[in-house]
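Enquirer: This is what each chain is made of:
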Amino acid sequence: MLDSQDQVRFEQLVLPHLDAAFNLARWLLRSRADAEDVAQEALLRSYRFFLTFHGGDARAWLLQIVRNTCYSWLEKNRPVEQMTEFNEELHTTTSVSPESLAIAGNNRERLTRALESLPPRQREMIVLRELEGCSYKEIATITSVPIGTVMSALSRARRQLQLALTGTTHQEVTHGL
Amino acid sequence: MACDRSQTVVHAYLDGELDAVGAAEFERHLEHCRECVDALETHEALTAALKRAELYQKGSPALRQKIQASLRPQAENVVSFTPSRVPYRWLAAAAVLLLLAYAGWRILPSLRGADDQTVIAAEMVDAHLRSLQPGHLTDVLSTDQHTVKPWFNGKLDFSPPVQDFSTDGFPLVGGRLDVVHGRAVTALVYGRRKHLISVFIWPLPVNEKDKSLHSGAQQGYHWLAWASNGMELCAVSDVSPSDLDQLHNLFTK
Numbered sequence: 003m004l005d006s007q008d009q010v011r012f013e014q015l016v017l018p019h020l021d022a023a024f025n026l027a028r029w030l031l032r033s034r035a036d037a038e039d040v041a042q043e044a045l046l047r048s049y050r051f052f053l054t055f056h057g058g059d060a061r062a063w064l065l066q067i068v069r070n071t072c073y074s075w076l077e078k079n080r081p082v083e084q085m086t087e088f089n090e091e092l093h094t095t096t097s098v099s100p101e102s103l104a105i106a107g108n109n110r111e112r113l114t115r116a117l118e119s120l121p122p123r124q125r126e127m128i129v130l131r132e133l134e135g136c137s138y139k140e141i142a143t144i145t146s147v148p149i150g151t152v153m154s155a156l157s158r159a160r161r162q163l164q165l166a167l168t169g170t171t172h173q174e175v176t177h178g179l
Numbered sequence: 173m174a175c176d177r178s179q180t181v182v183h184a185y186l187d188g189e190l191d192a193v194g195a196a197e198f199e200r201h202l203e204h205c206r207e208c209v210d211a212l213e214t215h216e217a218l219t220a221a222l223k224r225a226e227l228y229q230k231g232s233p234a235l236r237q238k239i240q241a242s243l244r245p246q247a248e249n250v251v252s253f254t255p256s257r258v259p260y261r262w263l264a265a266a267a268v269l270l271l272l273a274y275a276g277w278r279i280l281p282s283l284r285g286a287d288d289q290t291v292i293a294a295e296m297v298d299a300h301l302r303s304l305q306p307g308h309l310t311d312v313l314s315t316d317q318h319t320v321k322p323w324f325n326g327k328l329d330f331s332p333p334v335q336d337f338s339t340d341g342f343p344l345v346g347g348r349l350d351v352v353h354g355r356a357v358t359a360l361v362y363g364r365r366k367h368l369i370s371v372f373i374w375p376l377p378v379n380e381k382d383k384s385l386h387s388g389a390q391q392g393y394h395w396l397a398w399a400s401n402g403m404e405l406c407a408v409s410d411v412s413p414s415d416l417d418q419l420h421n422l423f424t425k
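Protein chains in written order, with this note's numbering: chain A, 3 to 179; chain B, 173 to 425.
These aren't lab readings, by the way, just hints derived from the structure by calculation.
Cβ atoms here follow ideal geometry from the backbone N, Cα and C, with glycine treated the same way.
Heads up, a few of these hints could be off.
Which stretches of chain A does chain B cover? Using the computed rule of at least three CB atoms under 8 Å from a CB of chain B, they are [to be verified]: (1) 20-27; (2) 58-65; (3) 69-77; (4) 112-126; (5) 145-157.
Only chain B is shown next, with the shape it has when bound in the complex:
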């Protein structure tokens, strides 16, 4: 035992676990240490013998199948008695909601007309809110109905009724184009004290007779919709419903 090197270095060298510097240094050592060369050869012979013998034991295909089969039922078993079932509750709740939504859609088609109106009203409330953002209120800023009305020419496939109601407390502020439920509409903007009212106007579909007056509220905004002279109109604002009704009367006068 002339070599005082740790025997573990031989193994680290054999296994490629020495860094480049360590390996080079050990190789220089091997040049004049018979003992380490012998040890290395013996270990190499063992490694080679183990490789040749192919001792690696693979699992049987049956084991693989057994494990794969046991994994999914395992998940279900665990679910039944661990706190992690909570996500499944949410899933169940979501499924019930989905089912109800589907049932509502299938079984109650008569309500869909009303739903459409609500959706359109919501869109107009959104459009009105959008218009209140700086710079979005009007495309044409004029209190003169004779300026506002011609502005829409060529921009729409219909001619909206544009009137100024300044004398009745609803001054015309301007007009803009908007898109509601996939179609281009006129939006007239009226002032009411310090509030603003958007009146959306679009042609009444030919197969529909005059619609009755209907109203609603959404996000703190009121809307009032009616039809007159082949047009559908919807006024949206944060003013009181009675103000909207007053404006409606002015339009249908």
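Chain A on its own, in the form it takes in the complex:
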């Protein structure tokens, strides 16, 4: 399907972002095994659609496909999880001190649990910004929303993560498993 020139381009432009693809899938699905399957599926999909890639940010282009593949997978395999929405109003006035956050943040296990407790739409904001180091523009491309929306979504996601980390929130997001 791809001629040898495109094959080489694909290997040079897209394959180097395999770790980014896996990392996003791992955090969205909260499972390494599932992430391996979905990351592989997403890579094959990107290979099939490579001719529609017209240059630019190959990582954002790939992560967009990974994200869509993840949500399709979640819809099919864990329909309840997608419905989990965070009630923002409940927590907007609660503040977290930097000190308590620093202490809680020293526990990697606790951080992982807190991040996994966020709804996927907020979790992906943290993963893309804090772990993957994406710019707002890249996050906007990956999640298909305007940059302004990225800014407010990231702001909410951070606040929610802080609350989850310091135990300020009473909302327990139950895992699908």
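The hints should help you fit chain B onto chain A, whose structure is shown.
Expert: Chain B only, in chain A's frame:
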């Protein structure tokens, strides 16, 4: 909540997404807004904690290998049932042609002699066409064979037969040097009514006896080749083959 600023500005500042003016303005604001300073510190603490925890999850080497291995067979599978197989058909056709060409070259070497003649004839047709371009027809423009013949002295390693056939309807127009199949040759130009004929002349290789008369046509031009007196001659023109045959008879008379 004394600060009425949008909380998102703190994040944009933290993430380096504010432009220089916006960042400077926000820094001035931080000087007297305790609330925004606290928010910034909290967010910074979170970012630092996430960094320290090294939560980034890399794919296993096995996954990488699995993906790399699945990409090439994938391409072949897709080829078998999508319209994009068309380029492969062309590739297959090209491969068959290449194979045939190779087979022809290997299995039928006896035909190569004939092929050479065709190639040389094609070169002479091309040379004749080139000569018809303005200013290319003749290097020496003379109807006098005694002017044309000496002109070639020192320019060639042989002395071509130069004759004027004006009385027979083939006036000599001139002569020029040409290169055919890698060697310098004489090209004599004759007129025939309103047409022009190039006669290419070069020495017959010593190991070859006289060649039989042969002729052909290419791109609407006829050519007639023969050998006489240790020379090979080839006449090329858009005149009729019978005119070329007549010229041939004049040369071998």
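Enquirer: Which numbered hints turn out to be false for this structure?
Expert: 2, 3
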